[in-house]
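Given chain A, work out where chains B, C and D should sit, using these hints.
Protein chains: 4
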Amino acid sequence: MTPIEKLAELFLRFPGIGKRQARRFVYFLLGQPEETRTSLAQAIENLNKEIVSCASCRRFFIGKETQKELCDLCGNGSRAQDVLIVVEKDIDLENIEQSGAYTGRYFVLGGTVPVLGEPKDNELRTKELLELTQNLKPKEIIIALAATPEGEHTANFVRETLSPLQKKLKFKISALGRGLSTGTELEYSDADTIKNALSNRG
Amino acid sequence: MTPIEKLAELFLRFPGIGKRQARRFVYFLLGQPEETRTSLAQAIENLNKEIVSCASCRRFFIGKETQKELCDLCGNGSRAQDVLIVVEKDIDLENIEQSGAYTGRYFVLGGTVPVLGEPKDNELRTKELLELTQNLKPKEIIIALAATPEGEHTANFVRETLSPLQKKLKFKISALGRGLSTGTELEYSDADTIKNALSNRG
Amino acid sequence: MTPIEKLAELFLRFPGIGKRQARRFVYFLLGQPEETRTSLAQAIENLNKEIVSCASCRRFFIGKETQKELCDLCGNGSRAQDVLIVVEKDIDLENIEQSGAYTGRYFVLGGTVPVLGEPKDNELRTKELLELTQNLKPKEIIIALAATPEGEHTANFVRETLSPLQKKLKFKISALGRGLSTGTELEYSDADTIKNALSNRG
Amino acid sequence: MTPIEKLAELFLRFPGIGKRQARRFVYFLLGQPEETRTSLAQAIENLNKEIVSCASCRRFFIGKETQKELCDLCGNGSRAQDVLIVVEKDIDLENIEQSGAYTGRYFVLGGTVPVLGEPKDNELRTKELLELTQNLKPKEIIIALAATPEGEHTANFVRETLSPLQKKLKFKISALGRGLSTGTELEYSDADTIKNALSNRG
Numbered sequence: 001m002t003p004i005e006k007l008a009e010l011f012l013r014f015p016g017i018g019k020r021q022a023r024r025f026v027y028f029l030l031g032q033p034e035e036t037r038t039s040l041a042q043a044i045e046n047l048n049k050e051i052v053s054c055a056s057c058r059r060f061f062i063g064k065e066t067q068k069e070l071c072d073l074c075g076n077g078s079r080a081q082d083v084l085i086v087v088e089k090d091i092d093l094e095n096i097e098q099s100g101a102y103t104g105r106y107f108v109l110g111g112t113v114p115v116l117g118e119p120k121d122n123e124l125r126t127k128e129l130l131e132l133t134q135n136l137k138p139k140e141i142i143i144a145l146a147a148t149p150e151g152e153h154t155a156n157f158v159r160e161t162l163s164p165l166q167k168k169l170k171f172k173i174s175a176l177g178r179g180l181s182t183g184t185e186l187e188y189s190d191a192d193t194i195k196n197a198l199s200n201r202g
Numbered sequence: 001m002t003p004i005e006k007l008a009e010l011f012l013r014f015p016g017i018g019k020r021q022a023r024r025f026v027y028f029l030l031g032q033p034e035e036t037r038t039s040l041a042q043a044i045e046n047l048n049k050e051i052v053s054c055a056s057c058r059r060f061f062i063g064k065e066t067q068k069e070l071c072d073l074c075g076n077g078s079r080a081q082d083v084l085i086v087v088e089k090d091i092d093l094e095n096i097e098q099s100g101a102y103t104g105r106y107f108v109l110g111g112t113v114p115v116l117g118e119p120k121d122n123e124l125r126t127k128e129l130l131e132l133t134q135n136l137k138p139k140e141i142i143i144a145l146a147a148t149p150e151g152e153h154t155a156n157f158v159r160e161t162l163s164p165l166q167k168k169l170k171f172k173i174s175a176l177g178r179g180l181s182t183g184t185e186l187e188y189s190d191a192d193t194i195k196n197a198l199s200n201r202g
Numbered sequence: 001m002t003p004i005e006k007l008a009e010l011f012l013r014f015p016g017i018g019k020r021q022a023r024r025f026v027y028f029l030l031g032q033p034e035e036t037r038t039s040l041a042q043a044i045e046n047l048n049k050e051i052v053s054c055a056s057c058r059r060f061f062i063g064k065e066t067q068k069e070l071c072d073l074c075g076n077g078s079r080a081q082d083v084l085i086v087v088e089k090d091i092d093l094e095n096i097e098q099s100g101a102y103t104g105r106y107f108v109l110g111g112t113v114p115v116l117g118e119p120k121d122n123e124l125r126t127k128e129l130l131e132l133t134q135n136l137k138p139k140e141i142i143i144a145l146a147a148t149p150e151g152e153h154t155a156n157f158v159r160e161t162l163s164p165l166q167k168k169l170k171f172k173i174s175a176l177g178r179g180l181s182t183g184t185e186l187e188y189s190d191a192d193t194i195k196n197a198l199s200n201r202g
Numbered sequence: 001m002t003p004i005e006k007l008a009e010l011f012l013r014f015p016g017i018g019k020r021q022a023r024r025f026v027y028f029l030l031g032q033p034e035e036t037r038t039s040l041a042q043a044i045e046n047l048n049k050e051i052v053s054c055a056s057c058r059r060f061f062i063g064k065e066t067q068k069e070l071c072d073l074c075g076n077g078s079r080a081q082d083v084l085i086v087v088e089k090d091i092d093l094e095n096i097e098q099s100g101a102y103t104g105r106y107f108v109l110g111g112t113v114p115v116l117g118e119p120k121d122n123e124l125r126t127k128e129l130l131e132l133t134q135n136l137k138p139k140e141i142i143i144a145l146a147a148t149p150e151g152e153h154t155a156n157f158v159r160e161t162l163s164p165l166q167k168k169l170k171f172k173i174s175a176l177g178r179g180l181s182t183g184t185e186l187e188y189s190d191a192d193t194i195k196n197a198l199s200n201r202g
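Line by line, the protein sequences are chains A, B, C and D. The working numbering numbers the first residue of the first sequence as 1 and each following residue consecutively. The working numbering numbers the first residue of the second sequence as 1 and each following residue consecutively. The working numbering numbers the first residue of the third sequence as 1 and each following residue consecutively. The working numbering numbers the first residue of the fourth sequence as 1 and each following residue consecutively.
Bound-form chain A, shown alone:
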């Protein structure tokens, strides 16, 4: 395999990138000055050097050199400590944080449970979730997963995982509300969305 093919294959693993675009990326890089390639390689290497996973919410943050264990959100004592949101991935956390509508704690599960097939425990951070719940003793855990079959399936798995601890600690488990999302028109809504929008009316 040539260096060109090797690199194209690595780009092929990127989300949403097909064979043709992977190849375009390589040729794009070839057409750039040497410094651009060097910067990019270094920026990627830097992730290894500077990024660390938060010991609490498990999201990635820059802290290797400062030897901080907690990210800014988890280390911020002025945030609400009695509510915990469980998201699938870092970018979901970022999106909720940017909405400005939430001031509690987060936990990044790290994946979903496929509708068919076993939950791969080693991929999902269930042990870490139970640990954090035990320590934090929240009043409420909000499951913030996608409104898709896989998201629902994962939500059920999270509820079951938390169930024994819930009996002991008596926290509430909730999920993001279902209904019309921004831009939704009635004409194009499915029956489930309409049902949810009707029962969540207010």
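No wet-lab data here; the hints were simulated from the structure. A few of these clues could be false.
Pairs involving identical chains hold if they fit within one copy or between any two copies, as the list cannot separate such chains.
[Claimed, not checked] Restricting the straight-line Cα-Cα distance to at most 27 Å, the calculated cross-link-like pairs of lysine-lysine (DSS-like) are: (1) Lys6 / Lys127; (2) Lys168 / Lys195; (3) Lys19 / Lys49; (4) Lys6 / Lys172; (5) Lys139 / Lys6; (6) Lys19 / Lys127; (7) Lys167 / Lys127; (8) Lys6 / Lys68.
Here the structure is a predicted model, which is why all the values come from computation and not from measurement.
Using the frame of chain A, we list chains B, C and D on its own:
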């Protein structure tokens, strides 16, 4: 204007149809046997002959020949009479009905109020809505409009329109719940949807 | 079947129209004033009354009342009479005419031959093509069909159909040139297009 | 700027990548094992170490360590030496080569001349093109640029650039043929494509 151009111009008014496709429609019809064109013309004429607007919800139904004034839904006494959903158009009503999640009464407003510009009262059936509300005396009116700026704007207009009657009859005005609609992923949700999904969590 | 369903089913046959849009068309018409529906029905009926198929090129034109047998293009003696273009359908003829690059005669074949399956002789106007060729005695027949497998297949069928007459009348059979069409980028071109563009270079 | 933002900004320069997807790429990399990031960084660095620009056609190939000056195509004496194709970029060359329809020499121009604005001589390899032409003394130079306004504009610029040398060396300058590209239907063709397809008929 030739008959071809005339017909293309009429098709151009159809929702989602541009110049090129309007012309394709005409040539498609030209390539069909004469009977197809005759059937289509008759089917369109038949709407005039057989379809009538329901005296209560204002949707279109087949009833000219039976001289019925009310559609099947409005004439069905076993449906809940104390709740009324206001929708923009017939097809929204159909979609809610098909969800199987609602058994009350309907009203088709007939349009929306543009965000900029005056509500055109003569286009919206506000008089008919007030009349039906006065007669029905519902406990709740559910505004079921799109989760778009124009939908929200129209919802406000409907609230204001109903306000004097609401003071007298004491019904509740609600709106379809906002949140994650089917298929929504957190990563692609806007701040409003996340806010609503958080406050409607359950 | 209700008039609404009947009409939706007719719209469903239109090119590029699916179930959902067919239904939207019907509801769109229901929301229009009665006159619009009447105009549309009449415009469609008028095709039956006023449109006739040209006795030479077979395209549709307005002429029933004038009892003209030939369309403007076929009846125009100042056009070149020694070259004949064979197209699939009326709209292709219109598009070539609008390019301004051709001043000869036309013939509308009325369909294509599927790659798999027999040519349906009764759908293609092969008899009429042979008749016109016999009468016109052109020096060249240009096959102007799509650069698709079905178009190529149909072109072969037309060549074979014309072959006996070609031996007698000695006309040339050509086809539209293959190469880069407007907007084509090399990066996205298939091998056939590149081959043709190379051999047609000039 | 954090390492995350820095890397997102570098991905933003990739062809066809917007802000959102650039950020997804970074989070994708963060979620991968450390080895994946290391491999990617090394694969990019390797381009610097192993890839060199061919001294003749200027495309990129692996040869730094072997100290070869010419790529496989330019160093292959059995290819036709009397015809030279000028393309915009490496990937166009690859595409032509893969079509199997060409066995001559190549030259990669390295860019296009914008329709508005000056040709940036330092971006286009005009000097190198003149040098290669002088040395190769081909019988024909085929301009293989996109069938777009910018491609046509660049083709004119290349013709003018070559003009003095053409007078001396008497080679022919041609361009890829225009016409129907694979998949083109007459109904959707623009006037230029139809004109070209008619004049290139055969």
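We went through each hint and held it up to the structure:
1. When the C-alpha separation of Lys6 and Lys127 is checked against a cutoff of 27 Å, the pair qualifies neither within a copy, at 36 Å, nor between copies, at 33 Å.
2. For the homomeric pair Lys168 and Lys195, neither the shortest alpha-carbon distance inside one copy (34 Å) nor that between copies (30 Å) is at most 27 Å.
3. Taking the shortest Cα distances, Lys19 and Lys49 sit within 27 Å of each other only across copies (24 Å), while inside one copy they are farther apart (30 Å).
4. Taking CA atoms no more than 27 Å apart as the test, Lys6 paired with Lys172 passes in neither setting, with 49 Å inside one copy and 40 Å between copies.
5. For the identical chains of this complex, Lys139 and Lys6 are neighbours neither inside a copy (50 Å) nor across copies (38 Å), given an alpha-carbon limit of 27 Å.
6. For the identical chains of this complex, Lys19 and Lys127 are neighbours neither inside a copy (37 Å) nor across copies (34 Å), given an alpha-carbon limit of 27 Å.
7. For the homomeric pair Lys167 and Lys127, the shortest alpha-carbon distance inside one copy (17 Å) is at most 27 Å, but the shortest distance between copies (55 Å) is not.
8. When the C-alpha separation of Lys6 and Lys68 is checked against a cutoff of 27 Å, the pair qualifies only between copies, where the shortest distance is 21 Å, while the shortest distance within a copy is 36 Å.
Consistency with the previously given hints fails for numbers 1, 2, 4, 5, 6, ordered from lowest to highest.
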